[in-house]
Amino acid sequence: MTEARLMKPQRAVGIIGYGAYVPMYRLPGAEIARVWTGGGRGPVREKAVAGLDEDTITIAIEAARNAIARAEILPEALRAIWVGSESHPYAVKPSATLVAEALGATPYLLAGDFEFACKAGTEALQAAMGLVGSGMGDYALAIGADTAQGRPGDELEYTAASGGSAFIIGPAERAVAVCMGSLSYVTDTPDFWRRAYQHYPSHGGRFTGEPAYFHHIESAGRALMEELALTAQDFTYAIFHQPNVKFPGRVAERLGFTEAQIETGLLSGVIGNTYAGASLTGLSAVLDIAKPGDRILLVSFGSGAGSDAFAWELTERITACQDKAPHTADYIKRRVEIDYALYTRYRGKLRD
Amino acid sequence: MEAKVANDWRLRGQRYRLEGERCGHCGAAIFPPRDICPECGKPAKTPAPLSGRGEVYTFSTVYNAPEGFEPYTPYTVALVKLEEGPVVTAQLTDVAPKDVQIGMPVEMVTRRLRTHGEEGTIVYGYKFRPRVGA
Chain P
0 MTEARLMKPQ RAVGIIGYGA YVPMYRLPGA EIARVWTGGG RGPVREKAVA GLDEDTITIA
60 IEAARNAIAR AEILPEALRA IWVGSESHPY AVKPSATLVA EALGATPYLL AGDFEFACKA
120 GTEALQAAMG LVGSGMGDYA LAIGADTAQG RPGDELEYTA ASGGSAFIIG PAERAVAVCM
180 GSLSYVTDTP DFWRRAYQHY PSHGGRFTGE PAYFHHIESA GRALMEELAL TAQDFTYAIF
240 HQPNVKFPGR VAERLGFTEA QIETGLLSGV IGNTYAGASL TGLSAVLDIA KPGDRILLVS
300 FGSGAGSDAF AWELTERITA CQDKAPHTAD YIKRRVEIDY ALYTRYRGKL RD
Chain A
0 MEAKVANDWR LRGQRYRLEG ERCGHCGAAI FPPRDICPEC GKPAKTPAPL SGRGEVYTFS
60 TVYNAPEGFE PYTPYTVALV KLEEGPVVTA QLTDVAPKDV QIGMPVEMVT RRLRTHGEEG
120 TIVYGYKFRP RVGA
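Protein chains in written order, with numbering that gives the first Met the number 0: chain P, 0 to 351; chain A, 0 to 133.
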């Protein structure tokens, strides 16, 4: 059965353009702790908070514009736009059609939304690789973006953040990062959920660790490296889903990666957990500074639960494309600190 | 509600991506699209994208907002002179009113403009913000 685990399209594909977006407002963990526990700190230093006029669609649009600027293709060349998120602004009405219209990509394309908690974006990425890899289209855009909400006072409130990244998949000969192979690992694991009409999600507390996050990321990451006959030492960088800072550090160690390999793509300490945007924004940050020949392992995690693992190898094209759009770091340093009161206004937590 | 939906839908190109027109006679960039060139008076119906880059020509801060925009106060409305020539009236975003200056370089972003109540549509459109990473 092992030959069936690896996913690799018949036509070689890769990333031909990428882009990130992170809102400018920051809520420090110490500020949340001040309000709810009388002091102390949170699991991340601070998190990115969307402004009053931002949501998953606006985040997706800006990340996608950056991806198009780097890919240097006409938006009309896209045959699919898929937006992965757990915070689509509408319950019914696709985010992707609006994103497509804003990019000028309409009307001859697929457009739809993916949902799989924090791995909705990498799910879209797998699908985009399938579409391009089968020859159904030459270019497909996959986006992971979220404006995640935590219940006031809940531990998730420290990390639930806003941001996202977009990736244009195209033929390998045009790629800045060629996909060496991918693999997905999914089980039904109820570690985190949100029922219909509820504002805030619920979670299984400590259950979110070993049987959920660690089991899925380790299984997917290990299997992909086995399939490709690679070890941690064969990669320059690794990016894991980042619900906090501790988890990705621990899973990296278990898979044999060093701190130096993960620090570039580990952004949760300064922007929080951007859910479907989290591991993908880590990938954007790595692509911003990586060099031809570098290899990158990316393993997402989505509650419910599953992981998508990808191995990328960078081409000569990466260097010329990096400065064609703002870097992930440009957005991160655009920092405006807010207090808890302003946060409750920006995120609509005050209700009549 | 239906009338609002249809009107918003008709404006989606110009609102979401700042799509203007280019006059085939005198070459002028036109925004908003109006099918007649304001420079030479001849028909101009060719859609043309604008770069979205410009600078603040003048501005004013709104404290008493019209219906639908109350949740966003205080906010700044500016006349933005685009690189291609047209002057656009738009909200500024991601900038505190006290930090806005005439001549400030700005770029277009697509943001939420308003909602039609709790059950109606969400209206998206162009705003301008200080340029990032430029």
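Some hints could be false.
Unchecked claim - Below, a list of computed lysine to aspartate or glutamate pairs in the DMTMM-like style, where the Cα atoms sit at most 20 Å apart:
| id | chain 1 | residue 1 | chain 2 | residue 2 |
| --- | --- | --- | --- | --- |
| 1 | A | K97 | P | D338 |
| 2 | P | K348 | A | D7 |
| 3 | P | K92 | A | D7 |
| 4 | P | K348 | A | E69 |
| 5 | P | K92 | A | E118 |
Stated by the list, open to error - Label-pair distances were calculated between CB atoms; the ranges are:
| id | chain 1 | residue 1 | chain 2 | residue 2 | range |
| --- | --- | --- | --- | --- | --- |
| 6 | A | R9 | P | A32 | 48 to 54 Å |
| 7 | A | G84 | P | T36 | 53 to 59 Å |
| 8 | P | E225 | A | A5 | 53 to 59 Å |
| 9 | A | G116 | P | A231 | 50 to 56 Å |
| 10 | A | H115 | P | A68 | 30 to 36 Å |
| 11 | A | G26 | P | E315 | 36 to 42 Å |
| 12 | A | D98 | P | G39 | 43 to 49 Å |
| 13 | P | K348 | A | Y62 | 21 to 27 Å |
| 14 | A | P65 | P | G152 | 33 to 39 Å |
| 15 | P | G39 | A | S50 | 30 to 36 Å |
| 16 | A | T45 | P | D322 | 44 to 50 Å |
| 17 | P | E225 | A | G116 | 53 to 59 Å |
| 18 | A | P46 | P | G255 | 37 to 43 Å |
Quick caveat, the hints were computed from the structure, so don't treat them as lab data.
Heads up, the beta-carbon is just placed ideally off N, CA and C, and yes, glycines get one too.
Earlier hints that do not hold, by number: Hint check: 2, 12, 15, 16 and 18 fail, others pass.
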